[in-house]
Amino acid sequence: MTKTVVQTTQLTRRYGKTTVVQNVNLNIKQGEIYGFLGPNGAGKTTTIRMLLGLIRPSEGEIQLFGKDLHKERKSILKRVGSLVESPSYYGHLTGKENLEVARRILGVPSKRVDEVLEMVRLTQAAHKKVKQYSLGMKQRLGIATALLGKPELLILDEPTNGLDPSGIQEMREFIKELPREHGMSVLVSSHLLSEIEQMATQVGIIRNGKMIFQGSITSLQEQSRPRMRFGVGDANVAAQLLASEGLSVSVEEDGIWTESLSQQETAHIVEHLVTHRFSVYRVEEVKQSLEEIFLGLTEEGETP
Amino acid sequence: MRDFFVLLCAEWKKLQKGLILSLLLIGPILSTLVGLTSLSMDIPADMPKWIFVYQMTMNNYAWLFYPIMTGVFAALICRNEHTQGAWKLLFTWPISRSSVWLSKATILMILTALSQLLFLGMYYLLAITQGFAENIEATVVWRSAFSGWIAVLPVVALQLWVSHLWKSFGVPLVINILLSIPNIFTAQSEQFSPWYPWSQPYSAMIPEPTESGILSIEPMTLWVVIFGGFLLAFGGGWLHTTRRDWT
Amino acid sequence: MILRLLGAERLKMKRTWIIALLILGPIGIMGCMMINFGLRGDYFVRKYPDDLTSLVMESRMLLYLAIPLAGTLFASLLAGMEHQGSTWKYLFTLPVSRFQIYLGKAIPLFLLMTICAGLTVPALGFLWVWADLSGTIPWEMIIKSVLYPTLASLPVLALQLYFSIQWDNQAWPLTIGIAGILIAGGISKWLPWAYIRNVMPLDIGGDNDPHFWLPFAICQGVILLLIGATIIMRREVR
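Residue numbers (our numbering), protein chains in the order written: chain A, 1 to 304; chain B, 1001 to 1247; chain C, 2001 to 2238.
To be clear, the hints were calculated from the coordinates, so they are not data collected in a lab. Among the hints, a few may not be true.
In silico negatives: residues of chain A with every beta carbon more than 10 angstroms from chain C [claimed, not checked]: (1) L54; (2) K67; (3) E173; (4) E181; (5) E222; (6) A235.
The list that follows gives simulated cross-link-like pairs (lysine to any residue, SDA-like), each with its CA atoms no further than 25 angstroms apart [stated by the list, open to error]: (7) K129(A) / A1086(B); (8) K129(A) / A2008(C); (9) K1088(B) / L135(A); (10) K2144(C) / S2134(C); (11) K128(A) / S2134(C); (12) K128(A) / I1051(B).
Model, not experiment: these values are computed from the prediction. All residues carry an ideal CB built from backbone N, CA and C; glycine is no exception.
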């Protein structure tokens, strides 16, 4: 059985009267890329800050590597690398010097600086002052800093913010390699499913501070088995007929909808309709994209 | 001209009033406390009480605090633009760069004038509570405050320029403080004090109980050091702001 | 651990005004004193009983403003550097206790002040020779009159460091510091800014008493440092 790297139980955080994070049970296993999804302001950053000990939870517990964060903060943080929101940097220093500052505090060998620079492809710009960097370069420097201590868990809050499409692609490939090549587990947050779905193995979706889905990408896809649409004349009567046969159908403006069906089932329905003199002019399978599922999940009850 | 007034309104709206007011009040309140403690001292026989207390209140305030705080306010009104990268935004609007500079300078002049008003207000408050308000010769103290404000204008212009230049809050302050420190000696020296811009507020605010016009500043100092210094720093800052590249 | 933090701090100072201030401060003090003695040297001969008194008394005026002002600026520059790049949140996610992070700022602040003081001592020695004052250079007195106020500024340093870290808008700590130094010190001798004046080794008609005020200021400085560290340790980082 694989080890659990991050486990939160009933994690809750309130600011005054508003609850920003409510009873979140995050579960991340070793070697996973965990996509933490949710619209802006859903509580992702607050959760991440709690995982890093920057803010304290109002209720609930946080365990990293099976240890209590509150009690063993230092030994836990030694094994974690992070990038929270906008990158942190000293503008008056060069990229390399910035890493050198972090390296001295972490006490890792100096050749590690060159390694991480190479990893994020900043070797060329290593001697430029960071205030002259582009946003994407600053972001990459942030990742390099996070990787410096050879962490077992990497926490990245919106790492693709401000990157151009090719930068996003590059970042995605880069993150995907981390578990394979370095045995790291990664928690990466985003408000875009399209970014996460291509790299994450597990996803957690948070909305209004509550976790509304947690599981593998495939189980998320299962949430949306394709549906069948039958274009039929006199749809209401036809639906009654099918319902009396024990089939669960619904009538919508553009026809009769059913859950996904096998080939025989489909054939059976069509035959049934035709023998009862309904005109069937279209039969199609409609797939829901992940994006639609995600939007469906996050928009539900958005306006109370 | 329209740009200027629009910007001035915008600048005024941007100011964090509570913060500015608290910062403006610290100096006058503390100075007045010094004035209060001076009441227990032996007041020279040939000096009216109100002028002695004024002198004591003014001493600590005008000597270094006022010129240094001018630098703090200059840095403060440029802080937002620096931290949020808003210079870029400001200069992409269809307004002239000169009016940006001019509106900032005007705001800073208003703030330094407010400081003087609060200072006088606190002094009057002290005088009323201590029961010597009737004796105050209003022309003397008002002239002192007004002269102090005129005398700080070169510092206003220079600090605004310096604050435009550096992103860091501390750097303009380092420069201002280093340049203010010599006041300790120049303010007392007759050869130096008329020529050193940072000692002008103090010299100008020394109360002169004579009927000597609106300003208590020597004409030579007024025109050459204060007016000349102001023009130089104001023009330099203006040219620099309008021509520099904003990255 | 703390040594590593100091190493990092040292690197961060590269290309900042901290280094400039470190050099400009003592040079500025010497320059001011040279002008002062150049202009009014003859007057000092009449004003003070001997050359030693005139040097200490005249530099005293400068030192008890320059030392806390330098401390206020150093504290603000050290903390402002982190506010500017929003690096506090990064530092606090490192496997280092927050107390050590705080000490990692407090120790450099104190070291900077010590270096400044260390540079001021030979500067005043040079002034002694330059101003053609009589006798050998009174090193002991010079060292005392620079070192005592530097040590007595500990409470001010502790306060300023805390304020500068607490507020990201440096207008606050700087205004409080400047107002404290320039005005509050004159209100009561019990306010931290006044200690710097209270510990002067030599005074005419003042109530200086280094034997009482020096240990008092150092103890208070350490206590204030611990209080500041405790508040920052408990604070949430946004």
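- Task: Against chain C, does A235(A) hold up as non-interface, every C-beta pair farther apart than 10 angstroms?
- Result: holds, 55 angstroms
- Item | Pair hint outcome, K1088(B) versus L135(A) [Cα-Cα no greater than 25 angstroms] | holds, 16 angstroms
- Regarding the pair K129(A) and A1086(B), is the alpha-carbon distance no greater than 25 angstroms? Since the Cα atoms of K129(A) and A1086(B) sit roughly 21 angstroms apart, the hinted pair holds (cutoff 25 angstroms).
- Message: Please check whether the beta-carbon of E222(A) is more than 10 angstroms away from every beta-carbon in chain C.
- Response: The claim holds: E222(A) sits with its nearest Cβ about 36 angstroms from chain C, beyond 10 angstroms.
- E181(A) non-interfacial with respect to chain C [C-beta, more than 10 angstroms]: holds, 23 angstroms
- Message: Checking a non-interface call: every C-beta of chain C should be farther than 10 angstroms from the C-beta of E173(A). Is that right?
- Response: holds, 25 angstroms
- Query: Given the proposed pairing of K129(A) with A2008(C), does the C-alpha separation stay at or below 25 angstroms?
  - Reply: holds, 17 angstroms
- Query: Would you say K67(A) is clear of chain C, with no C-beta pair closer than or equal to 10 angstroms?
  - Reply: holds, 13 angstroms
- Measure nothing beyond the straight line between the CA atoms of K2144(C) and S2134(C); if it is 25 angstroms or shorter, mark the hint as holding. At roughly 19 angstroms apart (the allowed maximum being 25 angstroms), S2134(C) and K2144(C) satisfy the hint.
- Are the Cα positions of K128(A) and S2134(C) separated by 25 angstroms at most? At roughly 54 angstroms apart (the allowed maximum being 25 angstroms), S2134(C) and K128(A) break the hint.
- Message: Check the hint pairing K128(A) with I1051(B) against an upper bound of 25 angstroms on the C-alpha distance.
- Response: violated, 60 angstroms
- Message: Minimum C-beta separation from L54(A) to chain C exceeding 10 angstroms: can you confirm that?
- Response: violated, 4 angstroms
Violated hints, listed in ascending order, are 1, 11, 12; each of the other numbered hints is respected by the structure.
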